[in-house]
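Asks: The listed protein sequences derive, respectively, from chains A, B and C.
So that you can map any letter, position 201 of the first sequence is 201 in our numbering, and since no number is skipped, the others follow by simple counting.
So that you can map any letter, position 116 of the second sequence is 116 in our numbering, and since no number is skipped, the others follow by simple counting.
So that you can map any letter, position 85 of the third sequence is 85 in our numbering, and since no number is skipped, the others follow by simple counting.
The reader is advised that the hints may include incorrect statements.
Claimed, not checked - Below are the DSSO-like pairs computed for lysine-lysine, each with C-alpha atoms no more than 30 Å apart in a straight line:
1. K805(B) - K49(C)
2. K227(B) - K49(C)
3. K642(B) - K227(B)
4. K110(B) - K466(B)
5. K111(A) - K88(C)
6. K869(B) - K755(B)
7. K297(A) - K788(B)
8. K200(C) - K234(B)
9. K234(B) - K88(C)
10. K100(A) - K67(C)
11. K279(B) - K318(B)
12. K39(C) - K227(B)
13. K67(C) - K111(A)
14. K869(B) - K466(B)
Rather than coming from a laboratory, the hints here were simulated on the basis of the structure.
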Amino acid sequence: MTSWIIILAASILSIIWVVMFFRQLTSGLTATALDDKFTWGLYVQGFFYFSALAGGILIFIALVSLFEISTLRPLAETAAVVSFACLVSAALLLGSDLGKPFRGARILTGKNFASPLTWDFYMLSICGILNLVFLLGLIPGKGFLNMVWSVLCLIAALGYVMIHTLFFLSRVEAGFRSQPFFGMDTLAQSLWGGMALVNLIALASGYKTPGLTTLLIVLTVLALIPLAGAKIASLGSTNKGFSQIKIIALDVAVLIILLLIRLFSPGNPIYLSIVSVLILTAVFLEKSHLIRQYQRKPTLPLPYSRYEEVPDYSPTLGEWALTAGSVGVCTLLISLMLYLKMP
Amino acid sequence: MARKKTDYERMLKSIKTTQEWFEPSPYKWQRVDPKEKGGKKTLYGLCRACMQGDCSTLVHLEDGVVTRVEGNPDTPPNYGSLCAKGNAEIMGLYNPYRVKTPMVRTNPLKGLDVDPMWKEVSWGEAMDLTAEGLKKVREKDARGLVICEGWGERDTIFRQPFGHAFGTPNEIGSHGALCTVHYATGLIQSGYPVAVVDLEYCQYHITLGRSLGPNFGIVPGMRKFSKAVERGMKLVVVDPRSSYEASKGEWVPIRPGTDLAFLLAMAHVILHEIKVYDKFFLLNRTNAPYLIGPDGKYVREAGKGKPLMWDDLENKAKPFDAQFGEIALQGTREISGVTCKTAFDMICEEYVRYTPEWAEEICTVPAKTIRRLAKEFIENARIGSTIEIDGFTFPFRPASLNVERNVTNRRGGTYADLVGKIINMLVGNIEVPGGCLSCSYRGPIMGPTGDGTVTPGYEAVPKPFKFPPDHLSMAEFYPHQHTAPHLAINAILNPEKYHLPYRAEAWMSVGGNPIRQNAQPESYVEGFKKLSFVVSIAYHMDEVAILSDVLLPEHSALERFRVAPFYLQHQSIDNEVNGLKMIQLREAVPPLFNTRHVDDIFMELAERLGILYGEGGLYDQLNKAIDWVDKADGLNMNGQWKLDVEKKYTLEEIFDRQIRGWPYSDGKGLEDLKKKGNIQYWKPRKEFYLYYYFPDNKTRHPIYMTGLKEVGDELRANLEKHNIGFPGIENMDYIFDLYRPIPHWVETSEYKPPKEYDLWAINWKTPYIGNDASNLTGNPWLAEIYAKDPWESVILLNPVTAQRKRLDEGARIVVESRYGKIEGRLRISELFHPDAVGVGGSYGLGTRQSSPLNRLGPNFNALLSLEDKTLDGVSGGQDTAPAVKIYREEVKL
Amino acid sequence: MRYAMVIDLQKCVGCNSCTVACRAEQGTPAGVHFHKVVKYEAGRYPNAKMKFLPMPCMHCQNPPCLKVCPTGATYQCEDGLVLIDHDKCIGCRACMVACPYETRHFLWDVACYFDGQLPTPFEQVKQDSFDRGTVVKCNFCVQRLVQGRLPACVETCPSQARTFGDLDDPESEASRLIVLHRGTRFREELGTEPSVYYIKG
């Protein structure tokens with residue numbers, strides 16, 4: 001029964017996505033709240049989010065395959081469905097963000113190998129193909145093909161997660177306010193979010209994974225380190241922290257909850273679900289912080305920008321609708337693929 | 001462009017909902033004519049986006065559409081450059097808010113926010129109605145017609161002749177009341193409109209209340225200015241605002257409205273502390289050595305002959321043009337029992353009390369600075385040096401001081417202008433290379449009167465007194481007035497108070513908009529409602545148009561065919577145009593709408609009124625007319641080229657005759673002009689400096705202003721004869737204090753105001769909106785830029801003052817003078833004197849049917865006053881720095 | 001042949017003629033200006049001045065925008081100009097994030113100048129080449145350069161503050177000015193190697 005409700009909701013959201021996408025095709029990106037000074041908004045954030053989650057899951061699957069951990073193999077196969085759906089959502093969101101979405105394939109013909117976007121596109125495409133191949137059951141549990149697949153998948157997934165650190169490179173200022181922790185932040189968020197999603201999948205399919213909670217604790221700490229480091233590095237600057245404190249507080253709260261769960265009620269599905277959702281929210285907020293951090297300052301330094309307004313961004317209802325729509329598409333895809341996989 | 005609203009767009013949306021809006025449906029432009037596709041054409045153009053209106057342009061058309069207006073390379077005065085306004089002129093042509101066809105009002109109610117419920121009519125009907133309305137006025141009393149001109153329409157040759165043919169003396173200008181800067185130059189140098197700086201030679205220039213070019217984006221001024229700055233000229237700008245020009249030189253901040261004190265102190269320092277001045281000049285080229293009696297008048301030979309000077313060698317008084325051994329500059333003498341002093345002594349005596357310390361209290365410029373500037377001025381003037389140009393030896397004085405409207409426009413402003421001239425005369429730089437030059441006719445106009453002093457010219461020539469007065473603008477009471485729409489509207493509102501023997505019935509607007517660009521707009525609207533007939537030769541739906549009964553739409557600037565003489569620029573001069581005489585052509589772009597050329601309108605109107613042909617008719621008046629600025633060197637109807645007053649002419653034919661009759665055209669006509677777009681003639685450079693025509697001691701500039709005293713005395717006598725006071729003023733002495741022969745300290749109406757009015761609002765022209773020549777405020781290309789400009793369309797305040805008033809950046813505040821109030825957004829800037837509130841440019845007011853951009857921004861003019869006691873009694877100029885108080889705007893719930 | 005522009009900041013009086021001339025020449029849609037003049041203040045009362053920085057596209061020799069463009073729509077010519085091929089642009093706006101001079105504009109919409117009105121004939125003729133959803137920027141008036149003319153902003157400047165020329169020619173006015181007055185470039189420390197030099201700033 002609940003599955004039917006989910007499918008219905010997901011279908012409605014998918015229809016919303018289609019409607020919003022076509023509306024955007026006719027009216028252009030003026031339907032968003034973006035402007036020349038704040039050019040990447042909710043869609044790019046959503047793209048980073050979904051691709052980060054997919055990356056985390058893919059790394060998990062690749063490691064499971066590489067080390068041939070047969071006990072985790074069924075979980076990995078279910079997780080592959082989710083990661084594929086996340087990749088599709090990421091692609092849809094990115095396509096919605098382009099000024100000319102139907103020219104998107106030109107990235108392949110562009111051959112500009114100095115561009116992080118080109119490599120990102122290649123890696124994502126490879127991940128998508130590998131994921132699809134895995135989904136179709138073409139990869140055996142062991143053997144040479146399995147190893148090749150795992151290595152390729154690991155490189156591609158780690159690759160695009162790391163390439164995402166380069167997107168804002170020109171905005172990073174040198175000196176004490178720079179973000180040396182950026183790289184670690186992206187990777188940590190990806191793994192953390194991915195594993196939280198895997199945790200949810202495990203709980204949903206009734207899988208018992210005792211080590212997962214501990215892994216989550218470790219990953220939470222891993223996610224906190226770059227955030228705290230960046231915050232300390234920015235102390236003393238006159239720029240008020242862009243809600244960095246709130247995110248750190250949320251992450252610390254998650255850590256405490258996880259520790260409490262581990263100590264007092266390990267394996268409790270309700271608590272674990274709640275904390276997994278919290279983690280997913282935290283990752284979403286961190287991605288939001290990411291795109292705001294580099295675009296909220298005027299590009300030109302003082303004193304030239306003394307009279308410029310601080311660029312601000314508050315997504316329109318249409319943008320939220322389209323983003324939610326892509327979540328709906330993702331869910332619908334997951335349902336569809338699970339249905340097809342079931343005997 | 002993103003959908004995130006800019007500040008301007010947000011304001012636009014807010015006025016659309018809060019104020020009543022006409023909400024016209026978008027104008028459907030016609031698609032490009034397929035016959036024109038692929039066609040390219042270039043026309044000669046003459047820019048009309050600013051007051052100067054002389055930049056040569058090329059207008060490019062593609063597919064029949066104007067796609068570019070750019071400077072005409074190698075053609076003076078702009079030599080290929082063109083400012084933002086000129087480049088944006090295309091949007092003045094393709095402006096959907098233009099008046100596109102003749103219209104007649106059907107709603108008897110009038111107001112800026114009242115829909116006139118226009119009815120579109122044919123040209124025939126509109127002209128019939130207009131002729132009928134004007135005929136009624138002419139039959140009753142021709143003086144009842146007011147023709148109001150302004151910068152909006154500068155491409156007419158028939159406007160003034162029409163007024164003369166109609167028989168009304170009431171041609172008033174909407175623009176000059178805030179810019180009454182003409183008296184002193186007319187008196188001292190016989191020149192017009194102002195004195196400018198010689199940017200070719202000047203090394204040290206002090207400027208007050210004006211622009212040399214960059215401040216309001218005048219192309220030739222900017223060209224010369226940049227070269228002067230590059231060659232090292234030192235510029236000192238005394239201004240409450242650190243402007244574009246002040247940022248290229250030294251900025252001396254001054255409290256608004258107190259420049260008279262500063263100038264008096266400078267003169268004091270030169271006369272009493274430094275005591276170095278051009279003695280030769282004073283003795284031989286001014287009336288400084290003239291002997292003055294106790295009545296303040298010249299002591300004359302045998303009581304009525306020529307004025308006397310004292311010969312120190314022969315120890316006796318002689319008439320000024322006799323042979324002198326040694327002229328005495330100073331000293332008290334007795335002649336026939338009458339004690340008399342030299343004019344110079346009297347000036348020195350008067351100026352003893354104007355110490356820099358006294359001035360510092362009033363104007364906040366440190367006494368040290370005043371002394372330093374005076375010293376630098378004297379040092380840089382190189383008194384005694386000469387320069388040879390074209391074989392003629394001129395005195396060389398590369399230092400000068402010029403003042404203009406933000407100094408002269410208040411009570412005592414004429415005095416301030418005159419003190420500036422006195423300072424210039426002390427170094428002897430009048431009309432010589434490097435010095436203070438006028439910018440009108442070049443020729444022998446500075447010749448002496450019978451008394452040996454320069455013949456006053458232009459506005460220094462008083463208008464004759466008559467009682468009851470003829471002029472609506474009170475020219476009889478303000479004989480040296482510039483344009484006076486404010487006096488006219490006062491007379492319309494209160495005819496008895498101003499002794500007016502008739503009533504103003506009709507108003508004909510030809511490019512003039514005093515409602516928005518003068519003061520106290522509500523009073524103007526009230527005055528308009530009293531008129532029985534208002535007709536507007538309108539370009540766009542401005543404040544005057546929406547109050548009109550008939551609208552006669554005219555061409556935009558690009559569509560007006562025109563042949564114009566080149567006038568010298570009002571900001572500065574250098575060798576780019578020094579000596580140039582030129583006629584320029586504007587080839588008209590084919591008209592877009594059902595509009596007509598203003599001169600065609602005048603001719604047809606005159607014909608319907610029966611005043612086109614015959615003696616005294618329109619053509620006859622044009623024959624008699626002489627170019628006001630350039631006299632015989634302008635485009636006049638000369639000799640055999642005068643019009644036959646019984647024949648009909650087209651505008652082209654008339655221009656052809658004007659060109660042929662021009663002294664420098666060498667027989668060329670309109671067809672020759674069309675070849676290159678201009679006809680140039682370069683006079684020798686030595687003939688440019690007026691000193692050339694009356695060198696050495698052949699003429700004397702007045703440093704003791706007898707002319708002013710005489711006019712004042714005569715006016716007082718006339719008032720007493722008719723047993724009337726000065727209209728609008730309780731105590732006559734308030735006016736006649738301004739007619740004394742030695743300029744002295746007087747208080748403005750905004751000096752020492754009530755305690756809560758502790759700041760003064762100031763205004764300035766901007767590079768985007770020099771004046772309202774083609775509704776520049778409503779030009780979207782310029783609007784996009786001035787919306788981003790940090791110092792435009794906001795209210796600016798010094799940070800210390802803002803802190804004192806506890807106001808933050810971006811707050812909505814109200815600025816209130818004793819005459820009106822405005823509101824706007826606050827911006828804090830270091831560029832302003834702590835006592836100044838800056839509201840620049842020309843924004844705001846607007847009407848229910850004008851371009852939405854005309855409703856935005858603070859309307860500075862609403863703070864100004866029409867009251868008689870705030871004016872300068874000599875020039876009639878209004879005060880441009882009213883005392884104000886500021887406070888936070890209350891949030892409307 | 002390496003084009004460069006030299007801007008004399010002492011002569012520049014912030015009149016924005018260059019910005020409007022660029023708009024007139026290129027016919028850019030409402031809200032889009034290829035050129036801008038950054039205005040700011042320096043100093044404190046009573047020693048405060050207005051200051052201006054005219055900024056066309058810098059046409060960097062080491063352009064960050066070119067590096068990040070995934071389709072290769074942004075390309076560099078032999079003479080140093082950095083141009084955009086509008087048929088290849090997909091509107092990803094990575095170049096706008098990368099550019100440190102804020103010189104690029106995304107055509108969110110090709111709006112018309114008079115708010116609430118329809119496009120004027122000028123827009124109808126001039127704006128065919130503007131494709132909604134792509135990125136546009138200053139191209140040093142390349143269509144005028146091929147005719148042997150100078151960019152519109154250079155020709156129109158009333159203060160004659162701008163010079164345009166060939167850096168490879170040591171006799172050209174541009175080269176001469178840069179050497180004589182020690183021309184500097186804006187935000188040079190980022191390593192973009194702009195082609196626009198400022199003197200007397």
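Asks: Indicate, hint by hint, whether the structure satisfies it.
Replies: Consistency of the hints with the structure:
no.	hint	in the structure
1	K805(B) - K49(C)	holds (24 Å)
2	K227(B) - K49(C)	holds (20 Å)
3	K642(B) - K227(B)	violated (43 Å)
4	K110(B) - K466(B)	violated (35 Å)
5	K111(A) - K88(C)	holds (12 Å)
6	K869(B) - K755(B)	holds (20 Å)
7	K297(A) - K788(B)	holds (18 Å)
8	K200(C) - K234(B)	holds (16 Å)
9	K234(B) - K88(C)	violated (53 Å)
10	K100(A) - K67(C)	holds (20 Å)
11	K279(B) - K318(B)	holds (19 Å)
12	K39(C) - K227(B)	holds (22 Å)
13	K67(C) - K111(A)	holds (11 Å)
14	K869(B) - K466(B)	holds (22 Å)
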